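Novice: Please arrange chain B on chain A, whose structure you already have, making use of the hints.
Number of protein chains: 2
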Amino acid sequence: MRAVLLHGANDVRVDEVPMPRIVEDGDAIIKLAAACVCGSDLWPYRGIDPITTPVSAGHEYCGVVQEVGTSVRNVKPGDFVVGSFFASDNTCEICRAGYQSGCLNRHPMGAENCQAEYVRVPLADGTLVATPSMPDPDLIPSLLACSDVLGTGWFAAKAAEVGPDKTVAVIGDGAVGLLGVLSAKLLGAERIIAMSRHQPRQQLAIEFGATDIVTERGDEGVARIKELTGGLGVHSALEAVGTQESMMQAIRSTRRGGHVGFVGVSHDVNLPGLELFFSHVHLHGGPAPVRDYLPDLIGRVMNREINPGRVFDLELPFDQAAEAYRAMDERRAIKALLRF
Amino acid sequence: MRAVLLHGANDVRVDEVPMPRIVEDGDAIIKLAAACVCGSDLWPYRGIDPITTPVSAGHEYCGVVQEVGTSVRNVKPGDFVVGSFFASDNTCEICRAGYQSGCLNRHPMGAENCQAEYVRVPLADGTLVATPSMPDPDLIPSLLACSDVLGTGWFAAKAAEVGPDKTVAVIGDGAVGLLGVLSAKLLGAERIIAMSRHQPRQQLAIEFGATDIVTERGDEGVARIKELTGGLGVHSALEAVGTQESMMQAIRSTRRGGHVGFVGVSHDVNLPGLELFFSHVHLHGGPAPVRDYLPDLIGRVMNREINPGRVFDLELPFDQAAEAYRAMDERRAIKALLRF
Numbered sequence: 001m002r003a004v005l006l007h008g009a010n011d012v013r014v015d016e017v018p019m020p021r022i023v024e025d026g027d028a029i030i031k032l033a034a035a036c037v038c039g040s041d042l043w044p045y046r047g048i049d050p051i052t053t054p055v056s057a058g059h060e061y062c063g064v065v066q067e068v069g070t071s072v073r074n075v076k077p078g079d080f081v082v083g084s085f086f087a088s089d090n091t092c093e094i095c096r097a098g099y100q101s102g103c104l105n106r107h108p109m110g111a112e113n114c115q116a117e118y119v120r121v122p123l124a125d126g127t128l129v130a131t132p133s134m135p136d137p138d139l140i141p142s143l144l145a146c147s148d149v150l151g152t153g154w155f156a157a158k159a160a161e162v163g164p165d166k167t168v169a170v171i172g173d174g175a176v177g178l179l180g181v182l183s184a185k186l187l188g189a190e191r192i193i194a195m196s197r198h199q200p201r202q203q204l205a206i207e208f209g210a211t212d213i214v215t216e217r218g219d220e221g222v223a224r225i226k227e228l229t230g231g232l233g234v235h236s237a238l239e240a241v242g243t244q245e246s247m248m249q250a251i252r253s254t255r256r257g258g259h260v261g262f263v264g265v266s267h268d269v270n271l272p273g274l275e276l277f278f279s280h281v282h283l284h285g286g287p288a289p290v291r292d293y294l295p296d297l298i299g300r301v302m303n304r305e306i307n308p309g310r311v312f313d314l315e316l317p318f319d320q321a322a323e324a325y326r327a328m329d330e331r332r333a334i335k336a337l338l339r340f
Numbered sequence: 001m002r003a004v005l006l007h008g009a010n011d012v013r014v015d016e017v018p019m020p021r022i023v024e025d026g027d028a029i030i031k032l033a034a035a036c037v038c039g040s041d042l043w044p045y046r047g048i049d050p051i052t053t054p055v056s057a058g059h060e061y062c063g064v065v066q067e068v069g070t071s072v073r074n075v076k077p078g079d080f081v082v083g084s085f086f087a088s089d090n091t092c093e094i095c096r097a098g099y100q101s102g103c104l105n106r107h108p109m110g111a112e113n114c115q116a117e118y119v120r121v122p123l124a125d126g127t128l129v130a131t132p133s134m135p136d137p138d139l140i141p142s143l144l145a146c147s148d149v150l151g152t153g154w155f156a157a158k159a160a161e162v163g164p165d166k167t168v169a170v171i172g173d174g175a176v177g178l179l180g181v182l183s184a185k186l187l188g189a190e191r192i193i194a195m196s197r198h199q200p201r202q203q204l205a206i207e208f209g210a211t212d213i214v215t216e217r218g219d220e221g222v223a224r225i226k227e228l229t230g231g232l233g234v235h236s237a238l239e240a241v242g243t244q245e246s247m248m249q250a251i252r253s254t255r256r257g258g259h260v261g262f263v264g265v266s267h268d269v270n271l272p273g274l275e276l277f278f279s280h281v282h283l284h285g286g287p288a289p290v291r292d293y294l295p296d297l298i299g300r301v302m303n304r305e306i307n308p309g310r311v312f313d314l315e316l317p318f319d320q321a322a323e324a325y326r327a328m329d330e331r332r333a334i335k336a337l338l339r340f
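In order, the protein sequences belong to chains A and B.
Counting from 1, position 290 in the first sequence corresponds to residue 290 in this note's numbering; the numbering is continuous, with no gaps.
Counting from 1, position 177 in the second sequence corresponds to residue 177 in this note's numbering; the numbering is continuous, with no gaps.
With the rest of the complex left out, here is chain A:
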């Protein structure tokens, strides 16, 4: 089968590799409906960590079950399924508390190859959620979005305690930030301030429910948020970047007693304790427990209540994976989908 492999910084290739096979009794093999590139795939692409041997990429997936291990009960060949970027048993104490991405037996799907025609999913019973029926082809992008970017935006909004009567700021205009806007809207936020200086992304933010756009960044962005909120700051800030600047912008944009939900994977972030102490904010985040939200989010997609697949503004044939990475790296695309 074909799979994307990173051979080095900026060196994305589509190679012929062996088909994945059942290794553990709890595994499933899935034929992927489409593949996609995540913003976090750009870190290795940019050579943050040196690549000495070709490595797999991607961690988002949905498609049709081909084969299951002997112990699998919850899904069967022919089911259309969506899973999270962390496989999880969904039975341990941490899973039962709603933190499946912290499962005691979790397995990062980044270690498999999700930018490929087929993928092995460990812990299939705990990880995979089947759609009630075979989805129409036009729903594939939205179902693929459930696997990470929508679930992660949703977690950011839940972690930031978004709800009715709340004013929300979203820092980051990538797919996760934009779907954080959509999540905040679905959770009933009264006002949603999207921070973006890119016109097409501003447009999509507004389509998803943003009521205000702020183009300023850093201290100026904070000042603008304060101006829009009677000097107090927002109730809830969603952080979807992962840098020192974006974290401090989120904390400083939030009113005393408010909530910051952070889902951007932290890169060289150090939070000053004394400022955090006097900020009086609540801070929560990390890898989103997407599994917990999948039944709800899949249902909303299947009912055509939401269209999170709108974040895919570039579709390419699978063999053009290199261009998909380039377009995202150069911010010409929000998120790229690869069709087989």
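Please keep in mind that the hints were generated in silico from the structure rather than gathered at the bench.
Check before you lean on any hint, since a few could be wrong.
As the list claims (entries may be wrong) - Okay, the calculated bits of chain B under chain A, using three or more residues with CB under 8 Å as the criterion: (1) 85-98; (2) 243-256; (3) 260-266; (4) 270-277; (5) 280-286.
Keep in mind the model is a prediction, meaning the values are calculated, not measured.
Even for Gly, the Cβ is constructed at its ideal location relative to N, Cα and C.
Specialist: Below, chain B without anything else, positioned relative to chain A:
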């Protein structure tokens, strides 16, 4: 009147100073029932910030109202009152959300002199809570504890979402940590692990409701907590020290999805973003909104349901304030009360 003034590092004196007087219409003047030294008073005492001119100390207070400004309605001369270490209007949007210590018009009582015979309290209507009747003299230490250390321990427990069926760790065995133990008990925690290596403090922790004592610190302390909690860590950690070590100990002792409540004033703390991200903990803390809890806590003291005044293990005449500081600095006393 007499007041404690810090003339320099380790130089505590009781001086004759002018009586405070009404400055604003909303002020009250209180005759203090007793005075006390807070752990945080030890930072200037130890010369962390150079003292160039004599400065006031202390920020905890309770006593009888002597005089009120023309706009004061909620308290009157003769009332016995308790207030928080931040005066607050209790009407702004931040106060109404339960964050009176973040009041838009807050005034730090450390800027007045609470280690004195009389003190001026601004924003008296929002700040002071009167007892239903004149308290018996033996209740004074417990009412004084409400002003900060009990309210702060209570906030740590609330911030850490302590409740029934929860396992709790308390980091710090000063007055706040010990009253964090008491607060966790009152909030219904199933198991309370106090971290302390000082026998008298361990004893008091047990009296307040601790079920386990851990004497190890740092990584060893974390390992011991994990051992006691099936490898998962606690649901709730209360941090009552304010150092890098204690903050990391709190975060690392908490299970994924759990809560850290931090109330130790941060000194040179920097939280590593990536570790926080993958820890999956909730983090909340800061200066406790004691005003919010005062009616409840005062009620429990007046009903003799609780005896938080037990943290005062040293009582001295006011003129021996210097010895009170010394005893706390050398950890011979948990907390010192000064009688007039």
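Novice: The structure should be examined with respect to each hint, and the outcome stated for every one.
Specialist: Now the hints, each set against the structure:
1. 85-98: holds (count 4)
2. 243-256: holds (count 4)
3. 260-266: Holds: 3 residues of the region 260-266 of chain B have a Cβ under 8 Å from chain A.
4. 270-277: holds (count 7)
5. 280-286: holds (count 7)
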